[in-house]
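> Residues per chain are reported as follows:
Number of protein chains: 2
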Amino acid sequence: MKPIVEIARQIGISEENLEQYGKFKAKLADELWDELKERPDGKLILVTAMNPNPAGAGKTLTTIGLSQALNLIGKKTVAALREPSLGPCMGIKGGATGSGKAQILPADEINLHFTGDLHAITSAHNLLAAMIDNHIHHGNTLRINPKKIVWKRAMDMNDRALRQIVVGLGDGNGITREDGFMITTASEIMAILCLSENREDLRERLNQIIIGYDTDDQPVRAQDIQAVDAMCVMLKDAIKPNLVQTIEGTPVLIHGGPFANIAHGCSSVVATKTALKLADYVVTEAGFGADLGAEKFFDIKCRQAGLTPSAAVVVISVRALKFNGGVKVADLETENLPAVRRGFENLKRHIENIRKFGVPAVVAVNHFITDTQAEVETVFELCQELGVEAALSRVWEKGGEGGVDLAEKVARAAEQPSQFRFLYDEQQSAKEKVETIVRELYRGSGVTFSPAALKTLQKVEAMGLSHLPVCMAKTPYSFTDRPEILGAPTDFTISVSEIRLSAGAGFLVVLTGSLMTMPGLPKKPAAEALRVEQDGRITGLS
Amino acid sequence: MKPIVEIARQIGISEENLEQYGKFKAKLADELWDELKERPDGKLILVTAMNPNPAGAGKTLTTIGLSQALNLIGKKTVAALREPSLGPCMGIKGGATGSGKAQILPADEINLHFTGDLHAITSAHNLLAAMIDNHIHHGNTLRINPKKIVWKRAMDMNDRALRQIVVGLGDGNGITREDGFMITTASEIMAILCLSENREDLRERLNQIIIGYDTDDQPVRAQDIQAVDAMCVMLKDAIKPNLVQTIEGTPVLIHGGPFANIAHGCSSVVATKTALKLADYVVTEAGFGADLGAEKFFDIKCRQAGLTPSAAVVVISVRALKFNGGVKVADLETENLPAVRRGFENLKRHIENIRKFGVPAVVAVNHFITDTQAEVETVFELCQELGVEAALSRVWEKGGEGGVDLAEKVARAAEQPSQFRFLYDEQQSAKEKVETIVRELYRGSGVTFSPAALKTLQKVEAMGLSHLPVCMAKTPYSFTDRPEILGAPTDFTISVSEIRLSAGAGFLVVLTGSLMTMPGLPKKPAAEALRVEQDGRITGLS
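Here the protein sequences line up with chains D and G, keeping their order.
Note that the first sequence covers residues 1 to 542 in our numbering.
Note that the second sequence covers residues 1 to 542 in our numbering.
Looking at chain D on its own, in the form it has when it is part of the complex:
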């Protein structure tokens, strides 16, 4: 690792604009933006993927490797990635910092407390929760209906016992009511932090958070609780992007990591916009597959922030294609060309979808050692038939060098003039927006809304908020709302069970099926393997 001041210097950031956290992590000072804001923007590259599955595609790995490769071919590049959450690192082995020769450093610290952003969000979240119960305890002048409080508590931990709880038992301990904890990444504050342009925007969005409803069923907002300024105080540093480096010294802004189902699953707007001023190419990623991640990146993040993406990389692996073509995990290492062809249908639909946004797509075939020559050739043939550029990516094994072909194809694609457009118009009704997504991207035949969802939509309309984009909370494994249906299904309907209003983040969450916002730990948690070694290194994390 190089000292972070040196990485910063590479992209023209002086030491005064750096707030160091140890020698290898730093936050960018508020003053930096004033220096940068008049500069032209670089090109924005989105890395997305086919539908995720247990075979693994390697989206984060490819994002890191591609940014290294772009630098290798002389394109000044910064990666803008999501910040991992501590809780899941304790559950199932594996952080979110890449691996092999395409990883971000210092991986252990990034996966743990990092610069404290998630802790700050947890604190701000729970301050609001405490102030709600405190308001009711001290007389409830806002007439909050204790049965209609929608603001839960948050913790950055996988803790199933906290999913559904009763609080306020015992004398003098406030009102007794049902409540629950979500994991911090699912907090609306995380989504807000990631969509805010600056401190003022952050404050205004926090003000708009709906914490519950009063006895007249009117929304009560965070601003009514007088918690927002204190929340801004707690988030004072969390809104500053974090600078780290890849194993090859490529600068990376890691900042924010909202859930990709009930939120939009992209790193922060502040980091993306800063990166665009610092580099010619900014490589960023979105959660899950392109049906969810890319759609939300385009329709929510780019729409709200006024961003124009220049190209999209769709990461696949031969293994993941075969899984999508019906092969079981145990059989993935056996050559199976028909399965590759069948699985390709899934990729094909994602490519078609991305073209609907007017964004040129490039396929990154993340190479695994078990891929056969014939399988790889089949993928390239199919890509050629589809008229989409494809490149083999060996960044795990070779770092940036393993991604040079990909980088060259991505750079070429990004040089085309942008024809970026949204999938739906914000003036469409929420129902129409959902129907457009289902028809155009998922290729379902229709949508059924539950009575509860329809009621919420009426409420949203009455509140004058139907211009908000929609945020689909659907299984990432399938174009349908049933995880077991792989490939490129047609003739299905999507069932919307519930609509939630994230008024601060600025979107309507459309729930299909049940949703878990607090994970549990497995029988053998990854935490059991973590160690601090004699020399202070952490092992067992990735």
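Hint data in this document are derived by calculation from the structure and do not stem from the laboratory.
Some clues are possibly wrong.
Any copy will do: because identical chains look the same in the list, a pair fits if it lies in one copy or spans two.
[Unchecked claim] In silico BS3-like links for lysine-lysine, alpha-carbon gap of 25 Å or less: (1) K524 - K236; (2) K147 - K524; (3) K2 - K236; (4) K147 - K455; (5) K431 - K459; (6) K147 - K523; (7) K523 - K148; (8) K37 - K236.
Fit chain G to the given chain D structure using the hints.
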């Protein structure tokens, strides 16, 4: 503020041994201790106080001012203080970083997230809690009795609704049981972090934490849950002391801040020992008044860490004496010599008590603008009668210069050869230890133990842990266990309601009366006044 690298340089710490958190905060690297450990120790000065009361004595203020004053008179001095908790800053106005010309900077950041130590403790605490419920959920091979889990959850927030809760409701969400949250400073992990000599000691102490009892009523420890290594990972940086500065550039190690009732209320052993290697004088403070704070500092912290204090400063104010002499808060600004004399009885007993530990005492009279000349003179007369050195301290108004007389008297006292001794022998039974404290320090006539407390003492004996020192959890306002009894009462008994075993921290918590480990917010929380100003400064905190 000077850059923290410069403050470090003043006391011989090179930039390589500094992990910066922004420009004005830093953690000391692990490697520093290896460089320092062979050096001789400086002199350790404890700052304590008479029984606290609403009139205010000014213990933290005096600690900071004294450390500035010692530097002014040419004694190389480092202060070692407790780390504030975020939760209480949201409740009742006021941080814990001094004020006026005797304060620590950057006050806002120290009072908020600082370097993340409290967040790390919260995470480690809640990981253990999650792993306990997870263990039971996945089959409970340890046969933990869900009704006898003593390890609660923790949050750094004032949130009364979380004091008493039911967790694990709903299908698939683990076992349903009663639980509760404590504020992070009350976590045994905070006490452990503050008493650990190093990483190995930390690990061993975490291993010993008793999380509950099994179906045979045998203790189940954190090591049985296999959570300890992951907890050490989470505490990897939290165990490193934090360096900041006073408003006059005196170096301050702020590190750890355990509760002063159910724990020992002192900053970390690691910080104290490091400071002793870096300076000729180390000024540190203990929680509450000398009956609790100084006793625990001597009998728990100094005993466990092998520290020898050279002098104790007892902070008083004329106002606080008058309050103890029966004056109401509204009347504190009226001259009242008889009340000063009556209140002095409280101070007198504390001085006598400190002498029992063989430590020379100096009285610091923290000057308020409303003190009259006659009142101040009366205090000095009474101190002279008692044969104790006293000095007027005007550090709020004048900084170090206002504490020069105090500093000179403290330095002189500390030059006497130490006759430090513990109040009780560790081989005494726990009952005898408590009785010794009550008889010798509080001057009560006896102790009554509840049947539950006696039962726990038997258990402790059977576990071979009766050598542990005792940690009194008593009201700080009185020598008795009733807060309204001021002055220097005699002829009372102390009632022990419960004994808790902090096997990791290494003490028995002796509870007298009821105990609150999770504060609530007041009707008008201090949080409502917090702001981030345009220029990024935080206002409303202190």
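> All hints are to be evaluated individually against the structure, with a verdict given for each.
Going through the hints against the structure:
In this assembly of identical chains, the alpha carbons of K524 and K236 lie at most 25 Å apart only when taken from different copies (23 Å versus 37 Å within one copy). For a Cα distance limit of 25 Å, the shortest separation of K147 from K524 across copies, 24 Å, qualifies, whereas the shortest one inside one copy, 37 Å, does not. When the C-alpha separation of K2 and K236 is checked against a cutoff of 25 Å, the pair qualifies only between copies, where the shortest distance is 22 Å, while the shortest distance within a copy is 27 Å. In this homomeric assembly, K147 and K455 come within 25 Å of each other (Cα to Cα) only inside a single copy, at 18 Å, whereas the closest approach across copies is 43 Å.
Only within a single protomer do K431 and K459 lie at most 25 Å apart by alpha-carbon distance; the minimum there is 13 Å, versus 65 Å between protomers. For a Cα distance limit of 25 Å, the shortest separation of K147 from K523 across copies, 22 Å, qualifies, whereas the shortest one inside one copy, 34 Å, does not. In this homomeric assembly, K523 and K148 come within 25 Å of each other (Cα to Cα) only across copies, at 22 Å, whereas the closest approach inside a single copy is 35 Å. In the homo-oligomer, the alpha carbons of K37 and K236 lie at most 25 Å apart inside one protomer (20 Å), although the nearest pairing across protomers, at 38 Å, exceeds that limit.
Every hint from the earlier list agrees with this structure, and none is contradicted.
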